[in-house]
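If you read the sequences in order, they're chains A and B. Each residue of the first sequence is one higher than the one before, starting from 1 at the first, in this note's numbering. Each residue of the second sequence is one higher than the one before, starting from 1 at the first, in this note's numbering.
Since the hints were made in silico from the structure, they are not lab data. Where hints are given, some of them may not hold.
[Claimed, not checked] Where chain B lies over chain A, by a calculated footprint (3+ residues, C-beta under 8 Å):
#, region
1, 17 to 25
2, 35 to 43
3, 58 to 67
4, 78 to 90
[To be verified] In silico DSS-like cross-links for lysine-lysine, where the CA-CA straight-line distance does not exceed 25 Å:
#, chain 1, residue 1, chain 2, residue 2
5, A, K142, B, K281
6, B, K89, B, K2
7, B, K246, B, K218
8, B, K190, B, K242
9, B, K89, A, K35
10, B, K114, A, K55
11, B, K138, B, K171
12, B, K288, B, K134
13, B, K171, B, K190
14, A, K55, B, K171
15, B, K114, B, K89
16, B, K191, A, K55
17, B, K218, B, K250
18, B, K114, B, K218
[What the hints assert, rightly or not] Residues of chain B placed beyond 12 Å of chain A at every Cβ, according to the derived structure:
#, residue
19, P12
20, S17
21, R23
22, C28
23, R68
24, G69
25, E94
26, E98
27, V123
28, R145
29, E175
30, Y187
31, D223
32, A249
33, K288
Built from N, CA and C at the ideal position, the CB exists for glycine as well.
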Amino acid sequence: MERGSSAEKDGVVVTVLDPKFKYEIATEPGGENIKYCFQCGTCTSGCPVAELDGKYNPRRIIRMAILGMRERVLSSDFIWLCSTCYTCYERCPQDVRITEVMNALKNMAVRAGYVHPAFRAQAELIAAHGRLYEVDEFTNEKRAELGLPTLPSGSPEVAEIYGMTGLASLLSGKGA
Amino acid sequence: MKYAIFLGCTVPVRNLSYELSARRAAACLGVEFVDIPEFSCCGYPTRSVHHETSLLLAARNLALAEERGLDICTLCSACTSVLTEASRKLATDEGLLEKVNRSLGAVGRRYLGKVRVKHLARVFYEDVGPDAIKNAVKRPLDAFRIASHYGCHYLKPSEIYDRFDHPEVPKSLDELVTATGAQAVDYATKKECCGGAILAVDEELALRMARAKLDDIKASGADAINLICPFCSVMYGANQRKIQTKYGAKYDLPIMYYPQVLGLALGIDAEELGLSQNPVKPRAILAKIS
Ligand code: SF4
Ligand code: SF4
Numbered sequence: 001m002e003r004g005s006s007a008e009k010d011g012v013v014v015t016v017l018d019p020k021f022k023y024e025i026a027t028e029p030g031g032e033n034i035k036y037c038f039q040c041g042t043c044t045s046g047c048p049v050a051e052l053d054g055k056y057n058p059r060r061i062i063r064m065a066i067l068g069m070r071e072r073v074l075s076s077d078f079i080w081l082c083s084t085c086y087t088c089y090e091r092c093p094q095d096v097r098i099t100e101v102m103n104a105l106k107n108m109a110v111r112a113g114y115v116h117p118a119f120r121a122q123a124e125l126i127a128a129h130g131r132l133y134e135v136d137e138f139t140n141e142k143r144a145e146l147g148l149p150t151l152p153s154g155s156p157e158v159a160e161i162y163g164m165t166g167l168a169s170l171l172s173g174k175g176a
Numbered sequence: 001m002k003y004a005i006f007l008g009c010t011v012p013v014r015n016l017s018y019e020l021s022a023r024r025a026a027a028c029l030g031v032e033f034v035d036i037p038e039f040s041c042c043g044y045p046t047r048s049v050h051h052e053t054s055l056l057l058a059a060r061n062l063a064l065a066e067e068r069g070l071d072i073c074t075l076c077s078a079c080t081s082v083l084t085e086a087s088r089k090l091a092t093d094e095g096l097l098e099k100v101n102r103s104l105g106a107v108g109r110r111y112l113g114k115v116r117v118k119h120l121a122r123v124f125y126e127d128v129g130p131d132a133i134k135n136a137v138k139r140p141l142d143a144f145r146i147a148s149h150y151g152c153h154y155l156k157p158s159e160i161y162d163r164f165d166h167p168e169v170p171k172s173l174d175e176l177v178t179a180t181g182a183q184a185v186d187y188a189t190k191k192e193c194c195g196g197a198i199l200a201v202d203e204e205l206a207l208r209m210a211r212a213k214l215d216d217i218k219a220s221g222a223d224a225i226n227l228i229c230p231f232c233s234v235m236y237g238a239n240q241r242k243i244q245t246k247y248g249a250k251y252d253l254p255i256m257y258y259p260q261v262l263g264l265a266l267g268i269d270a271e272e273l274g275l276s277q278n279p280v281k282p283r284a285i286l287a288k289i290s
């Protein structure tokens, strides 16, 4: 049984639906248009990830979210599989902006404690170095040899921003 | 034509040849770059995790360019999308701008909403223009067939880019290639995504995405793939051998950054364009040229 998402009723496991979930998504930046979806399937039919692997299906994720399957959606690995290519965003006849809805869902998942390890690692590197990759001495030497300007390593302002928004404590698991 | 050059995270550490060639080719065509050492990550990688942090990182970078009175030219397509979106939102939503500035104030920055953002390829396409490039060419690449990979964030979402090129039927990169004298090669999966964004989530799936495209480009008979994004270069360049091994394929498809293609046509030395550092070197092209 998934955490908080299902209940046993007469021996059958049913998913507990949260009718407020879709309204919550709609107040999240990027999630505003989720309720416009009329399930035409245009998103899935053009999705390069869905084309290669059926476990990812944007139309189904939107449907599950609208139905209120909060825990199942937020705890799933599949929301992290959107390659953010914007194909569906361009083509959706209802302007649902699925790419952004996926982002909204990922943001909500992080707050619910489900940050994907790859994305956590990236976020932590940026906090530590101001960039995804540290500009170390070796890099700067190579840059100088090629006649490229050297770069500072680390950015205290970036670390400060992480502290201010609460992302630093979200990542450390202390809650925001 | 003067821009703050925005390198992002990947280019200045892992794709030096892209940066090198961008600087050389731009200088040749009268595009001036100013370096801003305080620039950080654009904010794209934190977008999925924490929207507000991402917006603040983007806004801080925009503020740094604005302090110097400059617009931004980006090399990475992901940087282009997150910075463009932030610049457009902050230029039109005063409430959001105010809120962002309350936070930026704490790190001693303030943004007025004046900066515009353009990808390097768009700068070549719009500010310089294919005709001016044609006129500047000293060594036409007419012996070569080059397949352009547009990637996703260079053109989409199209509303933030004023539809300067069509997201479904793009032509800007092909025109830029044609301007160098080379033949722009068409192939079926031209608009498909490289898969870079999910490489760390599901490597197998990401590699299969890249493989489908490599298969197609190989079949098209292209001499090289033309790229404008460091993430796409990871997928088609750095991971090409891995894909070959994993799927028993053989591509040996050279990757080139557009400013390298352009730079060769402008007569710039291959070494100065960093061509020897590309993950899959365009040996045949270089042999014919020199
Ligand atoms: S394309 Fe838009 S309306 Fe159609 S199923 Fe996908 S999200 Fe819903
Ligand atoms: S943005 Fe995400 S959901 Fe939409 S088509 Fe691309 S990979 Fe699929």
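Practice problem: Provide an ascending list of the numbers of those earlier hints which the structure does not satisfy. | Solution: 1, 2, 3, 10, 14, 18, 19, 20 and 21
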